[in-house]
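Here the protein sequences line up with chains H and R, keeping their order.
Start counting the first sequence at 16; every next residue gets the next number (the working numbering).
Start counting the second sequence at 3; every next residue gets the next number (the working numbering).
Calculated from the structure, these hints are not laboratory results.
Take the hints with a grain of salt, since some may be wrong.
What the hints assert, rightly or not - To be clear about the criterion: a stretch of chain R counts as covered by chain H if any three or more of its residues have a C-beta under 8 Å from a C-beta of chain H, and this derived list gives those stretches:
1) 116 to 124
2) 133 to 145
3) 288 to 302
The C-beta atom is built at its ideal place from N, Cα and C for all residues, glycine as well.
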Amino acid sequence: MIKNISNLGDAALYCDFGNEVNKEINLKVIQFFKNIKKSNIPGITNITPSYNKLIISFDLNITNFEKIKTEVEQLNFKNEIASAGNLIKIPICCDKDFALDIKRLEKLLNLEKEAIYKKFFSKKYYCYMTGFIAGMPFLGDLDNSIYARRLDTPRVKVPKNSIGLTEQFCNIYTFESPGGWNIIGKTPLDIFDNKNNSSPNLINPGDTISFFQISKSEFEKKYG
Amino acid sequence: MAENYFEVLRPGINTTFQDNGRKNFYHIGIPFSGAMDNRNFILANAISNNKKNSPVIEFALQGPKLRYKGDKVYFNVTGDVNFQILRKNKIEEGICYQNLVLENNDCLDLISTNRSVYGYLSINASFKIDFYLDSCSVNTKAEIGANNGKILKKNQIIKIENITKKYSLSKLDYINSKIENIRVIKGPHFDYFSKTAKELFFKEKFSITKLTDRMGIRLDGPKIENIKYTNIKSEGLVKGTIQITADGDPIVMLSDHGTIGGYPKIGVVISADYDKLVQIPPGSKVKFKEINLKDAETIYKLYEMETQNLISKTK
Numbered sequence: 016m017i018k019n020i021s022n023l024g025d026a027a028l029y030c031d032f033g034n035e036v037n038k039e040i041n042l043k044v045i046q047f048f049k050n051i052k053k054s055n056i057p058g059i060t061n062i063t064p065s066y067n068k069l070i071i072s073f074d075l076n077i078t079n080f081e082k083i084k085t086e087v088e089q090l091n092f093k094n095e096i097a098s099a100g101n102l103i104k105i106p107i108c109c110d111k112d113f114a115l116d117i118k119r120l121e122k123l124l125n126l127e128k129e130a131i132y133k134k135f136f137s138k139k140y141y142c143y144m145t146g147f148i149a150g151m152p153f154l155g156d157l158d159n160s161i162y163a164r165r166l167d168t169p170r171v172k173v174p175k176n177s178i179g180l181t182e183q184f185c186n187i188y189t190f191e192s193p194g195g196w197n198i199i200g201k202t203p204l205d206i207f208d209n210k211n212n213s214s215p216n217l218i219n220p221g222d223t224i225s226f227f228q229i230s231k232s233e234f235e236k237k238y239g
Numbered sequence: 003m004a005e006n007y008f009e010v011l012r013p014g015i016n017t018t019f020q021d022n023g024r025k026n027f028y029h030i031g032i033p034f035s036g037a038m039d040n041r042n043f044i045l046a047n048a049i050s051n052n053k054k055n056s057p058v059i060e061f062a063l064q065g066p067k068l069r070y071k072g073d074k075v076y077f078n079v080t081g082d083v084n085f086q087i088l089r090k091n092k093i094e095e096g097i098c099y100q101n102l103v104l105e106n107n108d109c110l111d112l113i114s115t116n117r118s119v120y121g122y123l124s125i126n127a128s129f130k131i132d133f134y135l136d137s138c139s140v141n142t143k144a145e146i147g148a149n150n151g152k153i154l155k156k157n158q159i160i161k162i163e164n165i166t167k168k169y170s171l172s173k174l175d176y177i178n179s180k181i182e183n184i185r186v187i188k189g190p191h192f193d194y195f196s197k198t199a200k201e202l203f204f205k206e207k208f209s210i211t212k213l214t215d216r217m218g219i220r221l222d223g224p225k226i227e228n229i230k231y232t233n234i235k236s237e238g239l240v241k242g243t244i245q246i247t248a249d250g251d252p253i254v255m256l257s258d259h260g261t262i263g264g265y266p267k268i269g270v271v272i273s274a275d276y277d278k279l280v281q282i283p284p285g286s287k288v289k290f291k292e293i294n295l296k297d298a299e300t301i302y303k304l305y306e307m308e309t310q311n312l313i314s315k316t317k
């Protein structure tokens with residue numbers, strides 16, 4: 016499954032699972048991530064799964080590249096942890112105040128907004144990874160009829176909790192942030208809760224997300 | 003006295019509470035954070051005789067001005083910092099790496115760092131602050147850590163508790179060495195760049211621009227020409243990673259960096275040079291020097307031995 020392990024600087028391992036982006040490869044990355052987390056190898060300080068790479072950071076005062084590499088290679092993962100994540104339902108309000116780029120998408124995709132939303136809400140999405148900013152999930156894959164490129168000029172401020180699309184992926188802006196994805200709506204849920212001191216993120220790598228549409232009054236009730 | 007506290011008369015530029023940061027949350031988008039210059043953080047606590055991971059106040063370029071109210075307390079400042087204590091209309095010049103005393107109504111003015119970026123204030127007591135995911139470290143982007151995840155504000159109060167009554171005179175002779183050469187291990191996308199670009203990267207000097215903060219350093223210099231892909235499928239990052247943007251400029255990931263990124267990684271700064279790198283102020287130049295993993299590991303061991311040796315001198 017891992018094609019190559021190399022060093023990323025002097026305090027991290029770079030595990031390469033290939034160059035493709037698909038659920039099959041990513042499930043392997045996440046399975047590996049969960050297994051390493053469970054193995055409690057001394058000195059590991061962080062493990063970062065992404066589409067097709069896994070980076071393992073370690074404390075140079077405790078261990079080093081050769082030691083961790085050997086320990087990772089010797090782990091036996093047979094049937095240890097199923098990779099299935101949770102199914103999480105996320106409400107989205109697609110009111111024009113929140114769907115900042117729906118007009119652009121209608122033009123770009125040559126589809127009415129009803130058709131775009133129908134395609135979007137009819138699929139379940141897989142969480143490849145979370146990160147960049149705290150708790151931000153990278154979800155996929157969209158129906159290929161609604162693939163769209165990024166905005167030509169990224170927004171300086173994408174409102175918190177906006178749902179954005181680009182290419183085969185969608186994401187949720189967990190904080191107000193600069194960004195160039197096409198915004199189609201907003202959720203009243205806090206995807207990253209910085210008051211929650213044990214598990215602040217609602218969505219983890221490997222989870223499945225199903226979105227459903229709510230009205231503006233439902234959105235406001237959830238907020239109030 | 004019932005309460006001991008600092009009143010913030012001037013917050014400084016980017017003043018935050020920090021300890022050695024949080025582990026094991028990269029996978030949900032939360033970086034290490036923690037004190038930028040780890041050695042000066044460690045020395046601050048060693049001189050205070052605090053536990054080694056005790057919270058300190060970190061400041062950048064210009065520090066805070068604080069009025070102290072309460073019982074006599076010892077403190078020390080580490081880094082290369084100009085500071086003064088205003089005591090009963092008298093000004094005392096501060097000396098770094100030395101336990102000094104603050105009494106009721108004294109003012110501590112952490113004026114500026116000297117040809118460096120970060121300085122640290124440690125007290126022989128504890129700050130009454132919140133912890134988040136086992137660390138007080140403020141990450142302003144995620145709004146987590148002490149002080150509601152924010153930088154210090156004018157007029158706010160910082161409560162202090164557990165003042166140690168023990169009289170201490172410990173002082174450390176230490177000079178922060180300045181460096182220009184930063185040692186780098188080649189990254190996984192080194193071959194995305196042209197032969198000329200690879201040579202330029204290790205030959206020319208790059209300027210540290212003003213677009214530099216706790217998240218990263220943006221460098222300015224010769225453009226590094228990409229001959230493969232200017233974007234990669236986003237993947238994890240670590241402290242010290244040097245990515246090359248689509249415009250050909252290097253950016254170095256620092257302690258509050260975004261946990262994943264989509265630019266190719268040309269190299270990674272070695273762990274032993276990180277503390278010195280973050281101290282190089284905007285406007286200065288750096289030069290990257292290639293080094294292999296084995297040498298980097300040896301240099302780190304020596305660096306750590308030197309840190310331990312400095313700690314032992316404070317006892």
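Results of checking the hints against the structure:
1. 116 to 124: violated (count 0)
2. 133 to 145: holds (count 6)
3. 288 to 302: The restraint on the region 288 to 302 of chain R holds, since 4 of its residues have a Cβ under 8 Å from chain H and three suffice.
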